[in-house]
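Q: These are the residues of each chain, in order.
Number of protein chains: 2
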Amino acid sequence: MKRNSTEPIQITEVCLRDGSHAVAHQFTVEQVRAVTRALDEAGMHYIEVSHGDGLGGSTLQYGRSLVDEMKLIEAAVEQCSQSRIAVLLIPGIGTVHELKQAHSLGAKLVRVATHVTEADVSAQHIHFARELGMEALGFLMMAHSAPIDVLVEQAKLMESYGAQAVYVTDSAGTLLPEEVRARVRALRSSLSCEIGFHAHNNLSLAMANTLVAIEEGATRIDGSVRCLGAGAGNTQTEALIAVLQRMDMHLGIDLYKLMDLAEEVVAPIMHRVPEINKGSLSMGYAGVYSSFLLHAERAGKRFGIDPRDILMELGRRKAVGGQEDMILDVAASLHKNQ
Amino acid sequence: MKRNSTEPIQITEVCLRDGSHAVAHQFTVEQVRAVTRALDEAGMHYIEVSHGDGLGGSTLQYGRSLVDEMKLIEAAVEQCSQSRIAVLLIPGIGTVHELKQAHSLGAKLVRVATHVTEADVSAQHIHFARELGMEALGFLMMAHSAPIDVLVEQAKLMESYGAQAVYVTDSAGTLLPEEVRARVRALRSSLSCEIGFHAHNNLSLAMANTLVAIEEGATRIDGSVRCLGAGAGNTQTEALIAVLQRMDMHLGIDLYKLMDLAEEVVAPIMHRVPEINKGSLSMGYAGVYSSFLLHAERAGKRFGIDPRDILMELGRRKAVGGQEDMILDVAASLHKNQ
Chain A
1 MKRNSTEPIQ
11 ITEVCLRDGS
21 HAVAHQFTVE
31 QVRAVTRALD
41 EAGMHYIEVS
51 HGDGLGGSTL
61 QYGRSLVDEM
71 KLIEAAVEQC
81 SQSRIAVLLI
91 PGIGTVHELK
101 QAHSLGAKLV
111 RVATHVTEAD
121 VSAQHIHFAR
131 ELGMEALGFL
141 MMAHSAPIDV
151 LVEQAKLMES
161 YGAQAVYVTD
171 SAGTLLPEEV
181 RARVRALRSS
191 LSCEIGFHAH
201 NNLSLAMANT
211 LVAIEEGATR
221 IDGSVRCLGA
231 GAGNTQTEAL
241 IAVLQRMDMH
251 LGIDLYKLMD
261 LAEEVVAPIM
271 HRVPEINKGS
281 LSMGYAGVYS
291 SFLLHAERAG
301 KRFGIDPRDI
311 LMELGRRKAV
321 GGQEDMILDV
331 AASLHKNQ
Chain B
1 MKRNSTEPIQ
11 ITEVCLRDGS
21 HAVAHQFTVE
31 QVRAVTRALD
41 EAGMHYIEVS
51 HGDGLGGSTL
61 QYGRSLVDEM
71 KLIEAAVEQC
81 SQSRIAVLLI
91 PGIGTVHELK
101 QAHSLGAKLV
111 RVATHVTEAD
121 VSAQHIHFAR
131 ELGMEALGFL
141 MMAHSAPIDV
151 LVEQAKLMES
161 YGAQAVYVTD
171 SAGTLLPEEV
181 RARVRALRSS
191 LSCEIGFHAH
201 NNLSLAMANT
211 LVAIEEGATR
221 IDGSVRCLGA
231 GAGNTQTEAL
241 IAVLQRMDMH
251 LGIDLYKLMD
261 LAEEVVAPIM
271 HRVPEINKGS
281 LSMGYAGVYS
291 SFLLHAERAG
301 KRFGIDPRDI
311 LMELGRRKAV
321 GGQEDMILDV
331 AASLHKNQ
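Protein chains in written order, with the working numbering: chain A, 1 to 338; chain B, 1 to 338.
Think of the hints as simulated: they come from the structure by calculation, not from any bench. Be aware that a few hints might be false.
Identical chains blur together in the list; that is why a pair holds if it fits in one copy or across any two.
To be verified - With a cut-off of at most 27 Å between alpha-carbon atoms, the simulated DSSO-like pairs for lysine-lysine come out as follows: (1) K318 <-> K336; (2) K156 <-> K257; (3) K318 <-> K100; (4) K100 <-> K71; (5) K318 <-> K301; (6) K71 <-> K336; (7) K336 <-> K257; (8) K318 <-> K108.
Based on the provided sequences and hints, a complete structural model is requested.
A: This is the structure in structure tokens:
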């Protein structure tokens, strides 16, 4: 593969953050310790540890964590001799207070995540993280739902706040390879900072899209071991490392160790095998947020509506994270129009 | 997507043949009936029904079928108002006798499968199928394991015998997208018949590779609903149809019906969720045959060898289907050299 970048590729393992959704935020200290230790031994670059919805996400609305995430972050940091611990922060859910605490526990990097059109709310947190001496990256969620010029303008805002990389985040797993190509290419030609890519596998395109992003010069790449992420999961980390090695790209991560920890440490703690089922495929096809699925299923049951029709309508209305209350409205109006 | 062909794309659903491996050949008449009826209602083009190793595969060596495959073929044909039933035949395992019987029961198409360097053994069966009035296609297995000029030469042989399409069959799920591109492109420029592509998802590349194959002009495409195929499964049919629709390619297959049957008819009969685990990823990385996995695990246990090392060595030796006996030799020699 001819890459449009000479920067090294750095992998962020998200199974302990995105995967938090898949285990209903029930990670234990022991599990986080075991997964982090094994990832560190395999040479993983970054390991993200946070509630699925980022710092401060443990609420009734987003789901209570079994264990205070600060305890999980602390446990993860203790296991690392080479990997760096990252945290996710969605302004409005997490605060600078929690960021400061995570930093004091040893987190080295924060990804400040906003909806693709709301980069301006990331300014304070990116500034603050840089002042703390943390790496601060911007994470533009639902990147499919804005035109490319808007995506570029929003990414430039994040860069202007001090973001050292900006991610194209395919939260709904809905982008097609050529859509990823166009987005990463546009960002590469307009920004000086690094570009990142975060995939979901709802359309079975996570690997295809990740390779296209790398080809176009993205250097910050997310994966989840054993696909342990929301919905259909993310780009499967150990498969990605295998593919990149087959392409003669060696990132300093030990493939066999990664395969072993996937099988022996991660698989046993999974509640279910992430798969492309009716729900996750509907999300990818409709282009809606992963966290909507359960709500749509509940609302569908209540109003006698196919959850897919609710998701398609939410996609058309460009509903964003936090607008879960819209789901009942949509179901009710679809019910009325039956 | 700009396709290098104007021929319509035709999908062959392989969950009732490749998926036979994943259920240890235990399909019942009722299951085949239910799956076929639902696929027919969704407008599937072809549905392949055979033992996982093709007609006549029900043996001690390849695994006994619970139900005589002729009964399954008969049941499938009865359910079809529009879909055509296909069968797989590997010369040496299946014979013209079984092909004749399948045809008399209503099978309309046969894929005659050989190792990529052994197309010559398909001549008799392709001729015979054409004489019967069946569609006859060639299926070059382990297509990664021969140089492209050999692949082209072997495909030309199949075409000369009367094959109406020749498949690039990525039996080990090991091809990279650019390797698929080069192979399909070479075949397109050298053959007049249609080109097909059959993927396995061991490296999480089944969808990526299938899209590249379609782009390069492949028109006969395989998928398995819910990934119900050997190892990590195949290109997931319902995800493929969703992706193609997102690309404005409409094949006359009803996406919602396909999603429903995946969830309600196929998922309940699966023994496990196909996933990219240590075994299937090792196979894709090493480039060895799916059916080797269980043997390698057994041999590994017996000789105290990591099954991955056995698979890697088999890949280096270019072991082919039918050479399962080589696995014990490899394990023994690795054990000796420990």
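Q: Regarding K318 and K336, is the shortest C-alpha distance of 27 Å or less found within a copy, between copies, in both, or in neither?
A: So K318 and K336 pass the 27 Å test inside one copy only (21 Å; across, 62 Å).
Q: Please sort K318 with K108 into within, between, both or neither, judging by C-alpha distance up to 27 Å.
A: Intra 34 Å, inter 46 Å, cutoff 27 Å: neither.
Q: Cα distance capped at 27 Å. Does K71 pair with K336 within a copy, between copies, both, or neither?
A: Classified as neither; 47 Å inside a copy, 48 Å across copies.
Q: Evaluate K100 and K71 at a C-alpha cut-off of 27 Å and name the case that applies: within, between, both or neither.
A: Cα proximity of K100 and K71: one copy only (14 Å, versus 68 Å across).
Q: Indicate which option fits the pair K336, K257 if close means a Cα-Cα distance not exceeding 27 Å: within, between, both or neither.
A: Between copies only: 24 Å across chains, 55 Å inside a chain, cut-off 27 Å.
Q: Cα distance capped at 27 Å. Does K318 pair with K100 within a copy, between copies, both, or neither?
A: neither (33 Å within a copy, 56 Å between copies)
Q: What label fits K318 with K301 when the C-alpha limit is 27 Å: within, between, both, or neither?
A: within (22 Å within a copy, 53 Å between copies)
Q: With 27 Å as the alpha-carbon cut-off, assign the pair K156 and K257 to within, between, both or neither.
A: Answer is neither: 38 Å inside a copy and 43 Å across each miss the 27 Å cutoff.
The structure fails hints 2, 3, 6, 8 (numbered hints given earlier, in ascending order).
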